[in-house]
Amino acid sequence: MITFQDIQVKFGDFVAIQNLNLNIKEGEFFTFLGPSGCGKTTTLRTLVGFITPTNGKIIVDGEDLTNTPIEKRQIGMVFQSYALFPTMTVYENIAFGLKVQKNKKEEIKKRVEEIARVVDLTDEQLIKNVSALSGGQQQRVAIARALALAPKIIVLDEPLSNLDAKLRKQLRKELKKLQLEQGITTVYVTHDQEEALTLSDRVAVFNNGVVEHVGTPDEIYNQSKTEFVCNFIGDANVISQKIIEEIAGKTNMKVDPAKKYYIRTEKIKTKVLESDQHSVSLQAKVMSKEFYGTYSQYKYEVMGTSLANIEKEDGDFQYLEGDDVTLFINPKDILQY
Amino acid sequence: MKKFINVHVHNKIYLWLVGIILTWFIAAFLVLPNVNILYTTFFADGAFSLEPFQKLISSKRAMNSLLNSFILGITLVITVNITGVFLVLVTDYFAIKGAKILRLVYFTTMIYGGLILVSGYQFIYGNSGFLTTALVKIFPTMNPDWFVGYPAVVFVMTFACTTNHIIFLSNAIKSIDYQIVEAAKNMGASPWQILIKVVLPVLRPVLTTLSVLLFASGLGAMSAPLIVGGKDFQTISPMILTFANSMSSRDLAALLAIFLGVSQIALLYFITRAEKKGFYMSVSKVKTRIEKQKIENKATNFIVHFFAYVLFAIYVLPIMTVIIFSFTDTYSISTGTLSWEHFTLDNYIKILTDASSYEPFVISIIYSGLTAIIVVAAMLFIARIIHKYNNKLTTSLEYSFHIPWLIPGILMALGLIITYDKPMPILGNIVLTGTLSLLLIAYVIEKIPFTLRILKAAYYSFDSSLEDAAKNLGAGSFYTFVRVILPIVLPTTLAILALNFNSLLADYDLTVFLYHPLYQPLGIVIRNNTDPTASIDAKAMNFVYSVILMAISAVVIYFIYGRGSKKKNIL
Numbered sequence: 023m024i025t026f027q028d029i030q031v032k033f034g035d036f037v038a039i040q041n042l043n044l045n046i047k048e049g050e051f052f053t054f055l056g057p058s059g060c061g062k063t064t065t066l067r068t069l070v071g072f073i074t075p076t077n078g079k080i081i082v083d084g085e086d087l088t089n090t091p092i093e094k095r096q097i098g099m100v101f102q103s104y105a106l107f108p109t110m111t112v113y114e115n116i117a118f119g120l121k122v123q124k125n126k127k128e129e130i131k132k133r134v135e136e137i138a139r140v141v142d143l144t145d146e147q148l149i150k151n152v153s154a155l156s157g158g159q160q161q162r163v164a165i166a167r168a169l170a171l172a173p174k175i176i177v178l179d180e181p182l183s184n185l186d187a188k189l190r191k192q193l194r195k196e197l198k199k200l201q202l203e204q205g206i207t208t209v210y211v212t213h214d215q216e217e218a219l220t221l222s223d224r225v226a227v228f229n230n231g232v233v234e235h236v237g238t239p240d241e242i243y244n245q246s247k248t249e250f251v252c253n254f255i256g257d258a259n260v261i262s263q264k265i266i267e268e269i270a271g272k273t274n275m276k277v278d279p280a281k282k283y284y285i286r287t288e289k290i291k292t293k294v295l296e297s298d299q300h301s302v303s304l305q306a307k308v309m310s311k312e313f314y315g316t317y318s319q320y321k322y323e324v325m326g327t328s329l330a331n332i333e334k335e336d337g338d339f340q341y342l343e344g345d346d347v348t349l350f351i352n353p354k355d356i357l358q359y
Numbered sequence: 002m003k004k005f006i007n008v009h010v011h012n013k014i015y016l017w018l019v020g021i022i023l024t025w026f027i028a029a030f031l032v033l034p035n036v037n038i039l040y041t042t043f044f045a046d047g048a049f050s051l052e053p054f055q056k057l058i059s060s061k062r063a064m065n066s067l068l069n070s071f072i073l074g075i076t077l078v079i080t081v082n083i084t085g086v087f088l089v090l091v092t093d094y095f096a097i098k099g100a101k102i103l104r105l106v107y108f109t110t111m112i113y114g115g116l117i118l119v120s121g122y123q124f125i126y127g128n129s130g131f132l133t134t135a136l137v138k139i140f141p142t143m144n145p146d147w148f149v150g151y152p153a154v155v156f157v158m159t160f161a162c163t164t165n166h167i168i169f170l171s172n173a174i175k176s177i178d179y180q181i182v183e184a185a186k187n188m189g190a191s192p193w194q195i196l197i198k199v200v201l202p203v204l205r206p207v208l209t210t211l212s213v214l215l216f217a218s219g220l221g222a223m224s225a226p227l228i229v230g231g232k233d234f235q236t237i238s239p240m241i242l243t244f245a246n247s248m249s250s251r252d253l254a255a256l257l258a259i260f261l262g263v264s265q266i267a268l269l270y271f272i273t274r275a276e277k278k279g280f281y282m283s284v285s286k287v288k289t290r291i292e293k294q295k296i297e298n299k300a301t302n303f304i305v306h307f308f309a310y311v312l313f314a315i316y317v318l319p320i321m322t323v324i325i326f327s328f329t330d331t332y333s334i335s336t337g338t339l340s341w342e343h344f345t346l347d348n349y350i351k352i353l354t355d356a357s358s359y360e361p362f363v364i365s366i367i368y369s370g371l372t373a374i375i376v377v378a379a380m381l382f383i384a385r386i387i388h389k390y391n392n393k394l395t396t397s398l399e400y401s402f403h404i405p406w407l408i409p410g411i412l413m414a415l416g417l418i419i420t421y422d423k424p425m426p427i428l429g430n431i432v433l434t435g436t437l438s439l440l441l442i443a444y445v446i447e448k449i450p451f452t453l454r455i456l457k458a459a460y461y462s463f464d465s466s467l468e469d470a471a472k473n474l475g476a477g478s479f480y481t482f483v484r485v486i487l488p489i490v491l492p493t494t495l496a497i498l499a500l501n502f503n504s505l506l507a508d509y510d511l512t513v514f515l516y517h518p519l520y521q522p523l524g525i526v527i528r529n530n531t532d533p534t535a536s537i538d539a540k541a542m543n544f545v546y547s548v549i550l551m552a553i554s555a556v557v558i559y560f561i562y563g564r565g566s567k568k569k570n571i572l
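Protein sequences appear in the order of chains V and B.
Taken in order, the first sequence gives residues 23 to 359; the numbers are from our numbering.
Taken in order, the second sequence gives residues 2 to 572; the numbers are from our numbering.
Any given hint could be a false lead.
To be verified - Dumping the calculated DSS-like pairs for lysine-lysine here, alpha-carbon to alpha-carbon at most 25 angstroms:
1. V:131 / B:198
2. B:393 / V:32
3. V:127 / B:198
4. B:457 / B:393
5. V:32 / B:98
6. B:198 / V:132
7. V:311 / V:334
8. V:291 / V:247
9. B:295 / V:121
Please keep in mind that the hints were generated in silico from the structure rather than gathered at the bench.
Given the sequences, and given the hints that come with them, work out the whole structure.
Right, dumping it as C-alpha cells:
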C-alpha cells in the first residue's frame, strides 16, 4: 500500500534520511521506532507531505504522491502536541476538515457524532472547549479529528508521549482496538520500545537516518539484525571474550574474535530443567540487586567480568549480595554481531 | 528567651513604623489629591452641585474636545490594528524578504516615540517641513499647511502606537504551536483559511486588549493633537492643559480629567474581564516553533512586499531625517536642503558648551534619575514586605499602590496642584505647588504600580528554598536579603531602574502641569522648540535632543531586551 522508494531527505548538508526503501501493507499497524534524531518523524512528515524528499518517491496504492499537496494525500495525522485549535470547541475541532471541504451542515454533524462515538467522546464533551478536557480526552479528540475525513492512512507522531504511564497503557489498548475495528493502515512513530512491540504488526528500527531492521516485534526482539537494534530493544549483556571462550570450550560453538557477543538479561537463568542438555553453567557471585516490583535485576561477577539477569519476584526466590550462584546460558540465545 | 523577645518586639515596632509611613504616603499622595479634586469640582461652594456639568455642556470647545477624543480613540483602534497586525504578520508570520531589517525599523517606535516622534514627523510633513518644502517646489499651488488636524494626528499616532503590537502580538504569534497550522494544512485548509480561522482567533484576546489600550491612548492623547492637531482638532488632554492654566476654568479642567479617569477605570475593567474570559491556553505540551509561511500567489506576494516597504519608508524617514539634520547648519534646516558644505558638528558642540542647551537635559536627568532611584528603592522594600507577609493588610497596601494605574497622570497632576497649593496639615502645612519637588513626587507616584508589579514578580520567581537554606545555615533576615535575595532580583531591579529613567527623560504629558518655570525639563523645551515661531537654532537643538534620547533609549532597550536578557531573564 505505502512504498518508500529510495527516499533521501537532506537539510542543507545534513542527511536526515538515507536511501529509505520500505513497504507498508494495507491495514497494517506499522511503527517507526528509534532514538531522538534518528529520522523517524522526518520520514513520517515526508509521507504526509510536510517535507519534500530530495530524492526518491512515495507511492500509495500505486500512485506517486511525492509531489502531491498535503491535503490531497488523504492521510490523517495525529500530532505529538495534538495540535488542537485552542479557540474552538471539541465539535469544531473535529468538524474543521469537513467544513474546509464544504460539506453540508447536517452531514458534518452526522459525521462528527459518528466519529465521536467511535472514540468514546460524549455529547457534553463535544460542546466543551478543548482546554477543558484532560490529556486523555484531548488525545481522543485529536484521533477523532484525524479520522473525520475518512483518510486512507492515519499517521501518529508520538501521540502518547505526553501522558502518564497508566493512561498511556490504557490508550495504547484503545488505539489498537480502534485500528482493528477501523482496519485503517496506521503508521506510528515512537521512541518507546514497549509501545512499538505491543502495538505493531511490524516495526522499522531507525538509526542515523537509516532503517536497520524491519520485522515483526518478535523478530526485532529475538533476532535483532544489528548490534544497534539489539542494544536499543530490551536489555542485553555484552559477553566478555573470557566467558564466550568458556562457553565455546564446553560446547561446539565457534568463536570469531572479531565479533561481539550479546545475551538478553532474561535469557540468563539460575535454574534450568533437568532435560535441558544445551545450557552451559557458569559460577557467579551476586554483586547487587535492584528491586522492580514484579521482578528484580541481579548483577553478578563471572570470571572477573559482569553479567546481569532478571528474576521474577514470586516471593520465595531471593539471592543476597555475596551469594554464590550458578548461571545457565544456552548458546542458541547468544546474539553475535 | 530574652533575645527572642527583643527580636520579636523590635520586629513589631519596625513593622508598625513602616505601616504608619506607608499609610501616610498613600493618604497624602494617592488618595487625598484625587478625593480633593472630586470635592472641589462638585462641592465648590460647600454644597453638592452639578454646575460644572452645565458649564461643560455649554462649552463648545470642551464638548468638541470630548467628541474629538472619542473619534480619535475609535479611529486608532481601526488604523493601528490594521497597521500593527500587518507589521507583525510581515515580520513573524509570512516569509518576507528583508524581514529582519523590516523588524528592526518597525521596532524603532520603542526608542523613538512620544514627543520626539511627533516633532520628527512635523519636521518632515509640517508647513516648513522637509517633505512639504520639496513638494511645494514641485507643486507651487499646494497648501503647505496640509499636515494638520485630524488626518495628521491619526497619521502620526497610527505609526507611533504600533509598539505594543510589535511586542505583544509578535510574542503571541511566536507562541502559537506550529502543529495547529500543520494540522489545518493536513485537513486541506488554504493559507488564507489558516490565517483567518486558526491563527487570528488565537490572537483575538491580545487584539482585544490592544484595542482597548489604543482607545485609551486616543482618549488621553496629548503630544500629537497639541503639535499637529491645529485649532480644529483638539482633544481632552490639551484642553485640560488650556483650562487648567486659567483659574476661572479649572473646574472644567478637573471635570474633563475626572471624565478621563472614569473612562480609564472602565477600560481597565473591560481589559481585566476580557483577559479573564478570553485567553486561550495552548493545550500543546510539546510546542513546535512557528515556521514562516510562503505566500505562493505571486501577485499577493508582491502587494504584501510593496506595503511592507512603504511602511518601512514611513518609519525610517523621520529617524533618518532627524539624525542627518542634527549634523547640519541652520541654513539646511531652514531650507530643508542637504549639501556637503552645510554639514557640521556645531549643534553637538553647542549642547556640550551652551548652558541654555544642556540645562534642560541636566534637569531631566536629575529628575528622572532621582525618580528611578527613589521608586525602585522604595518598591524593592515594599514588594518584599508584600511577598513576605501575605495578609489582608499587605493586600490592601498592594491595591493602594495600584491607584495611579486607575487615574490618568493629568488627573493626578491636577489633584496635586489643587490640593497642595495651600498649607495642608497632612504635609505639615508645606505648600508644594510651584516647588521643584512636586514634579518629582508626581513622577514617583506615576512609576509606582509598574515598578511594584515587576519587582513583586521578581521576588515570586526566585526559589524560596534558597531563603530557607540561608535561614537553615543561620543567616539573619537582613543578611539573607542582601547576600541571597538581592543578587537574584538585581538584574530585574537594574532593568526597571533603567526603564523608569528612560521613560521620564522627555516626558511631556505630566511635566507640563507641574514643572518649575525656571527649571524647564527636556520635554517642555522640545515641545516649545516645535512651535512654528521657534528659532531655527531651537529646531536644530531638537534634532540633537532627539538623537541623544534615541541613543539612550537604544542602550536601555538593548540592555534589557537585547544581550542582557539572553544571559539572564531580566523582564
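Going through the hints against the structure:
1. V:131 / B:198: holds, 19 angstroms
2. B:393 / V:32: violated, 62 angstroms
3. V:127 / B:198: Holds, because 17 angstroms separates the two Cα atoms, which is no more than 25 angstroms.
4. B:457 / B:393: holds, 16 angstroms
5. V:32 / B:98: Holds, because 24 angstroms separates the two Cα atoms, which is no more than 25 angstroms.
6. B:198 / V:132: At roughly 22 angstroms apart (the allowed maximum being 25 angstroms), residue 132 of chain V and residue 198 of chain B satisfy the hint.
7. V:311 / V:334: holds, 12 angstroms
8. V:291 / V:247: holds, 24 angstroms
9. B:295 / V:121: Since the Cα atoms of residue 295 of chain B and residue 121 of chain V sit roughly 24 angstroms apart, the hinted pair holds (cutoff 25 angstroms).
Checked against the numbered hints listed earlier, the structure breaks hint 2 alone; every other hint is satisfied.
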